[in-house]
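So you can see what is in the structure, the chains are spelled out below.
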Amino acid sequence: MSKRIDVKDLNVYYSKFLAVEDVNINIEAKSVTAFIGPSGCGKSTFLRTLNRMHEVIPGARVEGEVLLDGDNLYGPGVDPVTVRSQIGMVFQRPNPFPTMSIRDNVLAGVKLNNTKISKGEADVLVERSLQGANLWNEVKDRLGKPGSGLSGGQQQRLCIARAIAVEPQVILMDEPCSALDPISTLAIEDLINELKDQYTVVIVTHNMQQAARVSDKTAFFNIAGTGKPGKLIEFGDTPTIFSNPTEKATEDYVSGRFG
Amino acid sequence: MTSTLTPVRKRSALTKGQLPKAAPYIVLAVALVLGAAILALIGFNAFGWAIVSAILFAAGLVGWSLVVEGARKAKDKLATCLVVGAFLAALLPLFSVIWTVLVNGLPGLLDPGFLTTSMNGVTGAFDNKTVEEGAPLLGGIYHALMGTLLITVLATIISVPVGLLTAIYLVEYGEDRALARAITFFVDVMTGIPSIVAGLFAAAAFFAVVGPGTKTGAVAAVALSVLMIPVVVRSSEEMLKIVPNELREAAYALGVRKWRTILKVVLPTAISGIASGITLAIARVIGETAPILVTAGFATTINTNVFSGWMASLPTFIYTQILNPTSPSNPDPSSQRAWGAALVLIILVMLLNLGARLIARMFAPKTGR
Amino acid sequence: MTTTSLTKSRGAGHVGDKVFSAATLAAGCLILVVLFGVALFLVIQAFPALVASPDKIQGGEGFFTYIWPLVIGTLIASVIALVIATPIAIGVALFISHFAPRKLASGLGYVIDLLAAIPSVVYGAWGVAFLAHEISPAYNWLANNMGWLPIFQGPASATGKTILTAGIVLAVMVLPIITSLSREIFLQTPKLHEEAALALGATRWEMIRMTVLPFGRPGIISAVMLGLGRALGETMAVALVLSSGALTASLIQSGNQTIAAEIALNFPEASGLKVSTLIAAGLVLFVITLGVNMIARGIITRHKEFSGAN
Chain P
2 MSKRIDVKDL NVYYSKFLAV EDVNINIEAK SVTAFIGPSG CGKSTFLRTL
52 NRMHEVIPGA RVEGEVLLDG DNLYGPGVDP VTVRSQIGMV FQRPNPFPTM
102 SIRDNVLAGV KLNNTKISKG EADVLVERSL QGANLWNEVK DRLGKPGSGL
152 SGGQQQRLCI ARAIAVEPQV ILMDEPCSAL DPISTLAIED LINELKDQYT
202 VVIVTHNMQQ AARVSDKTAF FNIAGTGKPG KLIEFGDTPT IFSNPTEKAT
252 EDYVSGRFG
Chain D
24 MTSTLTPVRK RSALTKGQLP KAAPYIVLAV ALVLGAAILA LIGFNAFGWA
74 IVSAILFAAG LVGWSLVVEG ARKAKDKLAT CLVVGAFLAA LLPLFSVIWT
124 VLVNGLPGLL DPGFLTTSMN GVTGAFDNKT VEEGAPLLGG IYHALMGTLL
174 ITVLATIISV PVGLLTAIYL VEYGEDRALA RAITFFVDVM TGIPSIVAGL
224 FAAAAFFAVV GPGTKTGAVA AVALSVLMIP VVVRSSEEML KIVPNELREA
274 AYALGVRKWR TILKVVLPTA ISGIASGITL AIARVIGETA PILVTAGFAT
324 TINTNVFSGW MASLPTFIYT QILNPTSPSN PDPSSQRAWG AALVLIILVM
374 LLNLGARLIA RMFAPKTGR
Chain L
3 MTTTSLTKSR GAGHVGDKVF SAATLAAGCL ILVVLFGVAL FLVIQAFPAL
53 VASPDKIQGG EGFFTYIWPL VIGTLIASVI ALVIATPIAI GVALFISHFA
103 PRKLASGLGY VIDLLAAIPS VVYGAWGVAF LAHEISPAYN WLANNMGWLP
153 IFQGPASATG KTILTAGIVL AVMVLPIITS LSREIFLQTP KLHEEAALAL
203 GATRWEMIRM TVLPFGRPGI ISAVMLGLGR ALGETMAVAL VLSSGALTAS
253 LIQSGNQTIA AEIALNFPEA SGLKVSTLIA AGLVLFVITL GVNMIARGII
303 TRHKEFSGAN
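Protein chains in written order, with this note's numbering: chain P, 2 to 260; chain D, 24 to 392; chain L, 3 to 312.
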């Protein structure tokens with residue numbers, strides 16, 4: 002239940018402004034890939050193009066191909082909605098639906114699309130998803146309570162449970178720990194390690210230690226200056242990127258000399 | 024530079040040159056006494072006493088402050104007096120309005136049959152009898168109450184879907200297109216339409232389409248809709264805008280379609296604000312008189328068919344009972360009915376306003392643990 | 003690769019998207035159509051009055067001669083209302099935003115909003131039944147002591163049903179509107195600015211002069227303009243309170259008339275060309291209020307650009 006992603010010659014534009022230029026990257030199935038780089042280098046923008054969420058931003062568009070096991074996300078007749086049900090996303094700030102209970106939040110992806118699901122099946126799905134997000138034991142007694150009553154870290158795991166409940170092929174995470182305290186961050190990092198047994202995980206992070214801890218491969222993005230497009234500088238095995246990078250810019254960044 | 028340092032200081036240097044704390048009360052007492060004395064010379068009345076005392080109080084306090092504290096503090100005191108004075112001056116007529124309605128309206132409202140009978144067959148002769156022979160007051164507002172409720176409900180049925188869908192278009196689909204900007208602009212224009220012009224429009228449209236002199240409850244409902252739609256659009260738009268984009272993105276990222284995202288995520292999140300906005304819009308149009316006057320005519324009988332015949336409403340009932348009393352020689356029964364109707368109308372409006380608050384609180388997303 | 007897993011659309015949902023977005027679009031367009039209809043129908047129905055020979059119009063001297071006194075009357079009543087209401091409203095707004103204790107302030111704000119919701123016919127009834135009667139002695143005093151001013155020329159109306167009374171009733175009506183809008187603006191004054199002024203040793207009034215009022219000035223102007231729009235279009239209060247007549251300079255005699263009240267009083271019994279005349283009068287009123295509202299909106303928009311608020 003996981004697929005690989007291959008990106009070919011991808012450019013991202015905001016209206017006329019070229020935000021990310023010429024990215025080529027191959028993301029293996031059942032692996033964790035981290036995107037690192039300074040602020041504004043386009044890594045979050047690029048992540049959004051992997052499930053067409055950039056289309057939510059007015060004026061944003063792409064050129065190039067993103068292949069999910071060989072199927073182009075941007076091919077003619079491809080519905081972004083179908084893309085997103087196969088490639089889930091977890092956001093920077095936890096965003097459970099405030100009008101729904103914890104249980105309904107987990108089922109949101111299924112229910113919102115009006116898919117018929119029996120109560121028994123739903124119970125199984127809720128438990129499996131919350132177990133998968135390491136949240137089950139903390140919330141099993143209050144599934145009917147609003148999700149916004151949880152702590153920040155719990156909310157973020159709820160959002161992960163919500164993402165895996167629709168059984169995606171790939172999970173994208175956009176700085177999932179940036180709004181969390183260290184203990185909650187640790188819980189999420191543990192979870193990411195478990196998730197890669199079943200899913201392809203792509204994570205954007207500002208925290209290089211985090212990238213080193215959780216990822217198998219790391220991609221370093223950089224920007225030449227304000228107004229210039231972001232670029233993929235280097236992509237390789239995480240240990241290599243952090244200990245023995247080929248590019249000077251990567252070495253400067255991971256050793257903390259800029260950024 | 025003469026040294027004024029004194030070895031014994033009774034008061035801190037920081038409180039030097041300040042009026043004592045009790046100053047306002049002292050001045051107030053003096054002003055009240057002086058005010059009473061002045062009024063006693065020219066004929067006493069409570070209203071005059073209040074005004075003269077207030078002026079004396081302000082002058083006294085500011086003058087004293089000027090002497091002791093200097094010009095800056097005195098100016099501050101003057102501004103405070105003026106602001107508080109403005110507040111009290113504003114309360115006066117506003118409470119007078121409510122008091123007048125309560126005092127004059129209660130006898131009418133408590134009259135048996137006031138809420139359950141219409142004006143059908145009630146003529147000046149009966150009112151003359153009431154005044155001259157003490158016969159019970161006849162006639163009520165049932166027909167007007169029904170008319171107001173029916174017209175308002177119909178206007179709501181027209182306005183809410185149109186207004187809400189437009190707001191959704193502007194927030195979720197508009198994306199700053201020329202059409203969206205045009206709609207925003209013209210909704211602004213619509214909010215400024217005087218109510219009587221809205222009534223004229225509905226009348227003119229129905230005169231042109233159905234036939235001259237078409238006056239029914241439905242025409243009035245259309246006129247009220249013209250007034251109500253922009254209010255609904257505005258308030259719903261504001262509420263939809265403050266739904267965090269993160270929630271929409273969360274739903275999209277789950278592979279949920281846009282229309283389902285709007286219906287199941289965005290609207291439920293904003294529903295409390297939207298519902299209270301709609302309730303306030305209803306409160307606004309339920310008291311409109313002018314548009315109904317030119318669109319539904321007057322009726323003294325019960326008419327529950329909004330699509331045919333003249334229809335009464337509470338505001339027009341008040342208006343006609345005051346301006347053209349049923350019995351011109353004895354207008355008191357008519358004015359009692361008018362005040363009763365005004366009280367009912369105010370109660371309706373207040374209930375709607377309170378309802379809007381309750382709705383906002385009840386539907387608000389729960390954040391409790 | 004013709005059919006991939008990504009092009010297998012889940013049928014029904016797609017149609018739902020199209021239908022729903024079309025419905026919202028249609029609603030938006032309906033508003034445009036309605037507004038266009040307002041203009042069109044009013045112009046069509048008013049047209050006969052504009053082209054009719056002058057002697058057929060009420061007064062016998064054409065539409066312009068008929069409408070002119072009404073426009074002036076409307077302006078007089080509205081100006082009286084604003085002159086009275088503006089300073090008091092700003093005072094009340096300042097009281098709620100910067101003088102009253104916190105706990106009291108939100109309650110007072112709510113009371114003001116409630117007062118704005120009282121139907122105009124009730125204000126009109128209060129004006130004719132209470133205010134006109136109570137205020138007529140004051141008119142007598144004005145006529146006796148200030149009669150040398152044209153606006154207070156006697157003899158004063160015995161019933162008190164004058165344009166000044168109507169203006170006062172309008173002032174009471176627009177007071178909550180101006181107050182409520184100004185209060186919103188005053189509360190938005192950046193706390194940083196206020197604290198900077200206080201830290202310099204300013205008294206409360208100096209702080210307000212230095213920060214609150216300059217920040218709120220465009221907001222106050224637009225609030226006053228919106229109040230003016232409301233006063234211009236207000237019908238019932240004037241129709242009930244004013245004993246109308248020909249245009250006069252004196253504010254304390256009966257006489258004068260406003261467009262809105264003229265329509266309300268005559269439309270129910272009008273027929274033929276009279277209907278057209280009244281609708282044309284309505285059109286004039288619409289144009290005036292539209293202009294006032296446009297200016298108010300313009301001020302608000304410009305203010306937004308300068309304040310840097312989003």
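No lab work stands behind these hints: they were computed from the structure. Please read these numbers as outputs of a predicted model, since none were measured by experiment. Hints may be right or wrong, so weigh each one.
Below, computed lysine-lysine pairings styled on BS3-like, alpha-carbon distance capped at 30 angstroms [as the list claims (entries may be wrong)]:
no.	chain 1	residue 1	chain 2	residue 2
1	P	K117	L	K193
2	D	K264	L	K193
3	L	K163	D	K44
4	D	K44	D	K96
5	D	K98	L	K193
6	L	K193	D	K96
### Task
Measure nothing beyond the straight line between the CA atoms of K44 of chain D and K96 of chain D; if it is 30 angstroms or shorter, mark the hint as holding.
holds, 14 angstroms
### Message
Against the 30 angstroms threshold, does the CA-CA distance of K163 of chain L and K44 of chain D hold or violate the hint?
### Response
It is violated: about 47 angstroms lies between the C-alpha atoms, which goes past 30 angstroms.
### Restraint check for K98 of chain D with K193 of chain L, where alpha carbons must lie at most 30 angstroms apart
holds, 23 angstroms
### Query
Do the alpha carbons of K264 of chain D and K193 of chain L lie within 30 angstroms of each other, as the hint requires?
Holds, because 25 angstroms separates the two Cα atoms, which is no more than 30 angstroms.
### Task
Assess, step by step, whether the Cα of K193 of chain L is no farther than 30 angstroms from the Cα of K96 of chain D, and give holds or violated.
Holds: K193 of chain L and K96 of chain D sit about 22 angstroms apart, inside 30 angstroms.
### Task
Decide if the proposed pair is consistent with the structure: K117 of chain P and K193 of chain L, CA atoms, cutoff 30 angstroms inclusive.
violated, 53 angstroms
The structure does not agree with the numbered hints 1 and 3 stated previously, though it agrees with the rest.
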